[in-house]
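Enquirer: Protein chains in written order, with this note's numbering: chain A, 2 to 99; chain B, 1169 to 1523.
It should be emphasised that the hints constitute simulated quantities derived from the structure, not laboratory data.
Each residue gets a CB set at the ideal place from its N, CA and C atoms; glycine is no exception.
Don't take every hint at face value.
List of simulated lysine to any residue pairs, SDA-like, C-alpha gap at most 25 Å [claimed, not checked]:
no.: 1; chain 1: A; residue 1: LYS8; chain 2: B; residue 2: LYS1339
no.: 2; chain 1: A; residue 1: LYS8; chain 2: B; residue 2: PHE1245
no.: 3; chain 1: A; residue 1: LYS77; chain 2: B; residue 2: LYS1506
no.: 4; chain 1: B; residue 1: LYS1506; chain 2: A; residue 2: TRP69
no.: 5; chain 1: A; residue 1: LYS77; chain 2: B; residue 2: ARG1517
no.: 6; chain 1: A; residue 1: LYS77; chain 2: B; residue 2: VAL1294
no.: 7; chain 1: B; residue 1: LYS1509; chain 2: A; residue 2: GLY43
no.: 8; chain 1: A; residue 1: LYS77; chain 2: B; residue 2: ASN1511
no.: 9; chain 1: A; residue 1: LYS9; chain 2: B; residue 2: ALA1507
no.: 10; chain 1: A; residue 1: LYS8; chain 2: B; residue 2: LYS1506
no.: 11; chain 1: A; residue 1: LYS9; chain 2: B; residue 2: THR1322
no.: 12; chain 1: A; residue 1: LYS77; chain 2: B; residue 2: LEU1498
no.: 13; chain 1: A; residue 1: LYS9; chain 2: B; residue 2: GLU1515
no.: 14; chain 1: A; residue 1: LYS9; chain 2: B; residue 2: ALA1513
no.: 15; chain 1: B; residue 1: LYS1509; chain 2: A; residue 2: PHE55
no.: 16; chain 1: A; residue 1: LYS8; chain 2: B; residue 2: ARG1517
no.: 17; chain 1: A; residue 1: LYS77; chain 2: B; residue 2: LYS1271
no.: 18; chain 1: A; residue 1: LYS77; chain 2: B; residue 2: PHE1495
no.: 19; chain 1: A; residue 1: LYS8; chain 2: B; residue 2: TYR1377
no.: 20; chain 1: A; residue 1: LYS8; chain 2: B; residue 2: LEU1436
no.: 21; chain 1: A; residue 1: LYS77; chain 2: B; residue 2: SER1382
no.: 22; chain 1: B; residue 1: LYS1271; chain 2: A; residue 2: TRP69
no.: 23; chain 1: A; residue 1: LYS9; chain 2: B; residue 2: TYR1505
no.: 24; chain 1: A; residue 1: LYS9; chain 2: B; residue 2: ILE1242
no.: 25; chain 1: A; residue 1: LYS77; chain 2: B; residue 2: MET1501
no.: 26; chain 1: B; residue 1: LYS1253; chain 2: A; residue 2: PHE55
no.: 27; chain 1: A; residue 1: LYS8; chain 2: B; residue 2: ALA1510
no.: 28; chain 1: A; residue 1: LYS77; chain 2: B; residue 2: ALA1507
no.: 29; chain 1: B; residue 1: LYS1483; chain 2: B; residue 2: VAL1294
no.: 30; chain 1: A; residue 1: LYS77; chain 2: B; residue 2: LYS1483
no.: 31; chain 1: A; residue 1: LYS9; chain 2: B; residue 2: LEU1436
no.: 32; chain 1: A; residue 1: LYS9; chain 2: B; residue 2: MET1471
no.: 33; chain 1: A; residue 1: LYS77; chain 2: B; residue 2: THR1340
no.: 34; chain 1: B; residue 1: LYS1506; chain 2: B; residue 2: LEU1494
no.: 35; chain 1: A; residue 1: LYS77; chain 2: B; residue 2: SER1503
no.: 36; chain 1: A; residue 1: LYS77; chain 2: B; residue 2: LYS1339
Stretches of chain A that chain B covers, calculated by requiring three or more beta carbons in the stretch to come under 8 Å of a beta carbon on chain B [what the hints assert, rightly or not]:
no.: 37; segment: 10-21
no.: 38; segment: 50-62
no.: 39; segment: 67-74
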Amino acid sequence: MAHEMTKKQAMVRMIGFGAASAAVFGAIFHFANPITEIFSRGGFYAALPIATVFLVSYVHGSFASNMWTALGINAKQPAKTLKPAVTKRPEVRATLNA
Amino acid sequence: MDVALDSLRFIDLTTSSIIFLFIVGFIGGLVSGFIGSGGAFVLTPGMMSLGVPGTVAVASNMCHKFPKALVGAIKRFRYGQVDIKLGLVMAVSAGVGVQFGIKLQRMILEKWGPSGSNLYVSLSFVAVLILVGGYVFYDAMTADKGGKAKAGATLAQRLQKLEIWPMMTFKTAGVRISMWFTIPVGFATGMLAATIAVGGFVGVPGMIYIIGASGLVASATELVIAFVMGLGGTINWAMHGMVDIRLTVIILAGSLLGVQLGAIGTTLVKESLIKFVMGSIMLIVAVSRALAVPKYLAELGLMNVDPGTVSVMDKASFLIMCAALLFGALIIMGSMYKARKANAAEEEREAPVHV
């Protein structure tokens, strides 16, 4: 069964991925003009914008996911199917009624 | 390092345009995560209103669409809502539909010029959205209070009974149907995607009413189709150098937040709400596109319209389109808030009382 993350764990991961996400966006916009120019040269340069959006979706996507968990906005777990409770017969013990 | 950008292709970004793209990205992502598609119909004209050329707007929009769909699909796969096999089968036939749609567009462009092409796009928008959106809306309104599907032999159930080789089983969707019924749905999805950029408006209802998947599975599976088609389209556009990566990552920053929230939302609300949101958005967008029709009729010389009226109708058309997206987002967030409140109250009631 998947491990359910606590709000605190999500907060720590949110900060980590948030910093990484800020670094990626910071780098893109610091070098916005040369990056946009190189990425739009066409041909094999097409791999660059595609690789970038995969990187952004991993880093920023993980940040977003942890952010919603840290804020307490979680998916509702599907109702668990009720299994018939296995009741153990009480062991017969010899008792002495004195 | 300072490099001057080609001002014909790439706009200067201002703070207000960054905020606008981020917000539209977030709202579009929220709606996509919930109903499987949406956002693109506002983002492309939205970018064009900022001065972005049409091809760059379409390419940058598509480049943000496929990673967003991927993140949404992974999230909803974890909730057990995605039928990967159905998504891939649909994506293949959708790929053929896209090629056919592009050829048809080119043919119309050659014969009747840009106005004829725009008229064809707008009329397709209005016809498909009114017919399909109207039916989805009607179905959502007549669903029972619990949000369950209605009883009785539906078209999908009748099609599933026809044993035409090859039969395909889609486990998550819980459907066994002939491949020949999945192909037209995928083809129409692709054709619509090539025409109006929102294939999901046909793909999701097609998966529900023709193939027989639930609204939850259909909207989640649409994200797989959007990913495959978006990736293919992006490779094509990027090879022609049309992607403005700055616009793409700004929209992605908002939409990755929204798509996950929308995906969470599907687990909280009743299923008929997905159909309600989808049907409503489609009908509002139909009104918006209908307002654009007189302009193209006038350009083709088929109708006399005052240029002032055309300009007002153009603005109204864009605003109504934004309103459609905003309406969907508000319904989703409102319903999520109510569902969370109800869940919290339920948990409180069920919690053991310690005396």
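Enquirer: Name the hints, by number, that the structure is in violation of.
Expert: 1, 6, 7, 11, 15, 17, 19, 22, 30, 32, 37
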